[in-house]
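> This is what each chain is made of:
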Amino acid sequence: MHSPADKSPALIELKAVSKIYGAGMAEVRALDSVDLSIDDGEFVAIMGPSGSGKSTAMNMLGCLDRPSSGRYLFKGVDVGALSRNQRALLRRHYLGFVFQGFNLLARTSAVENVELPLIYRGIAAAPRRRQAMKALAHVGLAGREHHSPGELSGGQQQRVAIARAIATRPAVLLADEPTGNLDTKTSLEIMELLERLNRDEGLTVIMVTHEAEMAAYAGRIIHFLDGRIDHDATNRDAA
Amino acid sequence: MFFETLKLAIQAIARNPLRSFLTVLGIVIGVGAVIAMVTIGNGTTARVAADIAKLGSNLLFVRPGQFGPGRSSAEAKPFNARDIAALKTQLHRARAVAPAAQTIVTAIYGTESRNTTISGTDNDFFTALDWQLTQGRSFLEGEIRSGRAACIIGETVRDELFGNAEALGQRIRVNKVSCEVIGLLAAKGQSSFGTDRDDIIVMPLRTFQRRIAGNTNITAIYISARDGVQTAKVQADIERLLRERRNIGPGAEDDFSVRDMKEVAQTLTATTTVLTGLLGAVAGVSLLVGGIGIMNIMLVSVTERTREIGIRLAIGAQESQVLLQFLVEAIVLSLFGGVIGIMAGLGIAALATRAIQIPFVLDPMIVFFAFAFSALVGVLFGYFPARRAARLNPIDALRHE
Numbered sequence: 372m373h374s375p376a377d378k379s380p381a382l383i384e385l386k387a388v389s390k391i392y393g394a395g396m397a398e399v400r401a402l403d404s405v406d407l408s409i410d411d412g413e414f415v416a417i418m419g420p421s422g423s424g425k426s427t428a429m430n431m432l433g434c435l436d437r438p439s440s441g442r443y444l445f446k447g448v449d450v451g452a453l454s455r456n457q458r459a460l461l462r463r464h465y466l467g468f469v470f471q472g473f474n475l476l477a478r479t480s481a482v483e484n485v486e487l488p489l490i491y492r493g494i495a496a497a498p499r500r501r502q503a504m505k506a507l508a509h510v511g512l513a514g515r516e517h518h519s520p521g522e523l524s525g526g527q528q529q530r531v532a533i534a535r536a537i538a539t540r541p542a543v544l545l546a547d548e549p550t551g552n553l554d555t556k557t558s559l560e561i562m563e564l565l566e567r568l569n570r571d572e573g574l575t576v577i578m579v580t581h582e583a584e585m586a587a588y589a590g591r592i593i594h595f596l597d598g599r600i601d602h603d604a605t606n607r608d609a610a
Numbered sequence: 027m028f029f030e031t032l033k034l035a036i037q038a039i040a041r042n043p044l045r046s047f048l049t050v051l052g053i054v055i056g057v058g059a060v061i062a063m064v065t066i067g068n069g070t071t072a073r074v075a076a077d078i079a080k081l082g083s084n085l086l087f088v089r090p091g092q093f094g095p096g097r098s099s100a101e102a103k104p105f106n107a108r109d110i111a112a113l114k115t116q117l118h119r120a121r122a123v124a125p126a127a128q129t130i131v132t133a134i135y136g137t138e139s140r141n142t143t144i145s146g147t148d149n150d151f152f153t154a155l156d157w158q159l160t161q162g163r164s165f166l167e168g169e170i171r172s173g174r175a176a177c178i179i180g181e182t183v184r185d186e187l188f189g190n191a192e193a194l195g196q197r198i199r200v201n202k203v204s205c206e207v208i209g210l211l212a213a214k215g216q217s218s219f220g221t222d223r224d225d226i227i228v229m230p231l232r233t234f235q236r237r238i239a240g241n242t243n244i245t246a247i248y249i250s251a252r253d254g255v256q257t258a259k260v261q262a263d264i265e266r267l268l269r270e271r272r273n274i275g276p277g278a279e280d281d282f283s284v285r286d287m288k289e290v291a292q293t294l295t296a297t298t299t300v301l302t303g304l305l306g307a308v309a310g311v312s313l314l315v316g317g318i319g320i321m322n323i324m325l326v327s328v329t330e331r332t333r334e335i336g337i338r339l340a341i342g343a344q345e346s347q348v349l350l351q352f353l354v355e356a357i358v359l360s361l362f363g364g365v366i367g368i369m370a371g372l373g374i375a376a377l378a379t380r381a382i383q384i385p386f387v388l389d390p391m392i393v394f395f396a397f398a399f400s401a402l403v404g405v406l407f408g409y410f411p412a413r414r415a416a417r418l419n420p421i422d423a424l425r426h427e
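In order, the protein sequence lines correspond to chains B and R. My numbering puts the first sequence at residues 372 to 610. My numbering puts the second sequence at residues 27 to 427.
Since the hints were derived computationally from the structure, they do not count as laboratory data. The reader is advised that the hints may include incorrect statements.
What the hints assert, rightly or not - Listed next, the in silico SDA-like pairs over lysine to any residue satisfying Cα-Cα at most 25 Å (straight line):
hint	chain 1	residue 1	chain 2	residue 2
1	R	LYS33	B	LEU476
2	R	LYS33	B	ASP571
3	R	LYS33	B	GLU384
4	R	LYS33	B	ALA496
5	R	LYS33	B	LEU460
6	B	LYS505	B	ARG540
7	R	LYS33	B	HIS464
8	R	LYS33	B	VAL448
9	B	LYS505	R	GLN37
10	R	LYS33	B	ALA495
11	R	LYS33	B	ARG492
12	R	LYS33	B	ARG501
Note that the structure is a prediction, hence the values are computed from the model and not measured.
All chains, please: the whole structure from these sequences, using the hints.
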């Protein structure tokens with residue numbers, strides 16, 4: 372999946388990407404001609420006040436939304452030119468998502484939640500179960516595989532969500548406020564997990580957060596303001 | 027991939043037992059109610075038709091006065107023995123002409139007693155009404171002429187008075203008359219009007235007139251037409267003869283009436299057909315209510331389902347895969363509910379038809395229609411909200427409250 376034969380050196384490249392909602396006087400430029408390049412293996416934190424465009428940028432990077440103008444190249448492929456189904460396939464094979472609200476299926480065991488993306492990849496039952504169990508062990512949930520979300524704490528639920536995201540060995544893990552619903556201690560544990568995945572396995576992590584404490588784990592911090600990149604710097608404090 | 031989808035759908039059904047149960051319940055009630063009601067209605071119609079056949083074929087019923095509101099046969103002149111003699115000799119198209127006079131009496135045997143109907147008549151009564159004897163014999167010519175106290179009793183009277191004891195040859199008291207039981211009538215069961223036709227004692231007309239009624243009135247005549255003869259022709263013959271005998275001038279109204287039991291039968295059949303239609307309408311309402319139930323459950327669960335759809339889309343499911351899963355879910359639930367509904371409907375119909383003693387008449391079209399309607403509602407309301415959700419941007423679907 373991380374093919375070195377890719378022509379474009381950057382994993383993700385935004386070129387003058389704008390996203391406009393509404394029309395005429397009510398027009399809102401959620402993204403205003405943003406240029407951004409993210410390489411394989413980076414840990415990027417996106418920060419900014421609400422309405423700054425950071426969530427729109429996240430949806431764009433996650434191929435959940437299409438730019439109004441400009442080009443988004445993922446591994447050199449122009450995402451804007453892809454159909455809904457093609458973008459679904461791109462998410463299936465290259466992206467993993469972690470949300471603020473966990474978004475696990477209710478009344479469904481942890482291991483079945485983790486298996487879900489593997490089902491859509493068409494992996495047979497036995498290897499699928501093995502891969503899901505491995506992913507759960509990887510996030511420190513060995514022994515909790517058959518608990519349903521209702522029986523797990525917030526931090527544990529977010530770990531299940533992370534296991535679900537990494538079970539498919541994606542190229543990029545996109546995390547939207549992953550610690551927004553968690554207390555500080557649990558938040559730090561989740562951040563350590565993300566940092567470990569980035570450092571030990573070379574997983575590219577892109578995370579939206581409004582907490583500087585969490586952003587501090589990232590190797591690069593991008594600040595959004597009014598739909599533009601206000602500030603983009605390497606974080607020297609990160610390990 | 028299809029098997030995976032089927033598995034996903036079944037897992038989703040099993041994970042939401044309450045929702046699944048309520049959906050299935052709606053379908054079960056709809057399908058079950060329609061099948062039960064229509065089957066019971068059809069059974070009633072069939073029962074009435076069978077009763078009418080049992081009434082005696084080609085039967086005409088004559089009585090003094092006119093039928094209708096405000097008219098009473100009591101005011102009109104009753105028939106007499108000479109009328110009967112004339113009818114018996116001159117009606118060539120009739121097979122049997124039975125005079126009858128009736129009243130209510132108390133029948134006593136030992137310590138048992140019963141209030142019952144007694145009919146004074148002759149042997150043509152059994153021919154006209156197509157009524158067989160299970161034991162004993164009909165009246166002898168001498169008994170009819172002399173007015174001997176001999177009676178033939180219906181099954182209900184026999185059971186009430188004698189129970190398991192032998193009835194034939196015993197003497198019962200009918201009012202103050204002691205009367206020998208010479209024959210037992212075959213059970214006829216309830217009439218379509220709900221009266222017990224076996225609650226009857228039959229004795230010779232003359233005996234009845236002399237010892238029970240104290241007059242020579244004949245208040246009814248049963249006439250059956252010969253096979254292959256149109257009852258309308260026999261009816262015309264009867265009317266002509268009786269007008270002549272009762273001195274009714276041309277243009278004057280009849281002071282008696284002749285009823286073709288076939289017409290009564292047709293009226294009754296028409297009534298039960300209306301009844302079946304009515305039951306069907308009630309069942310249709312149940313079906314509709316069941317459908318609305320399914321609809322509600324499906325729409326209420328849409329919020330939760332929308333988030334689920336968002337999750338599936340975000341992790342790489344294609345719209346078509348999500349929709350296929352929801353469609354399969356709706357089909358599985360509808361099939362399941364439909365099969366249970368059919369079984370429940372048929373079960374209720376079987377019990378009810380046995381309880382009220384009507385035949386079990388199954389209409390496969392109704393089974394199919396009820397099932398198709400419920401399944402359609404289930405599938406439509408399972409599928410279309412899901413389709414709307416699957417077309418949302420996954421992020422919007424995830425944020426759906």
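> A separate judgement is required for each hint: does it hold in the structure or not?
Consistency of the hints with the structure:
1. R:LYS33 with B:LEU476: Holds, at roughly 16 Å.
2. R:LYS33 with B:ASP571: This hinted pair is violated, its Cα atoms lying about 36 Å apart.
3. R:LYS33 with B:GLU384: The hint is violated at about 39 Å.
4. R:LYS33 with B:ALA496: Roughly 11 Å between the alpha carbons, so the hint for R:LYS33 and B:ALA496 holds.
5. R:LYS33 with B:LEU460: Between R:LYS33 and B:LEU460 the Cα gap is close to 21 Å, so the pair holds against 25 Å.
6. B:LYS505 with B:ARG540: Roughly 12 Å between the alpha carbons, so the hint for B:LYS505 and B:ARG540 holds.
7. R:LYS33 with B:HIS464: Satisfied, since the Cα-Cα distance of roughly 22 Å is no more than 25 Å.
8. R:LYS33 with B:VAL448: Judged against 25 Å, a Cα distance of about 34 Å means the pair is violated.
9. B:LYS505 with R:GLN37: It holds: about 23 Å lies between the C-alpha atoms, which stays within 25 Å.
10. R:LYS33 with B:ALA495: holds (13 Å)
11. R:LYS33 with B:ARG492: holds (15 Å)
12. R:LYS33 with B:ARG501: holds (19 Å)
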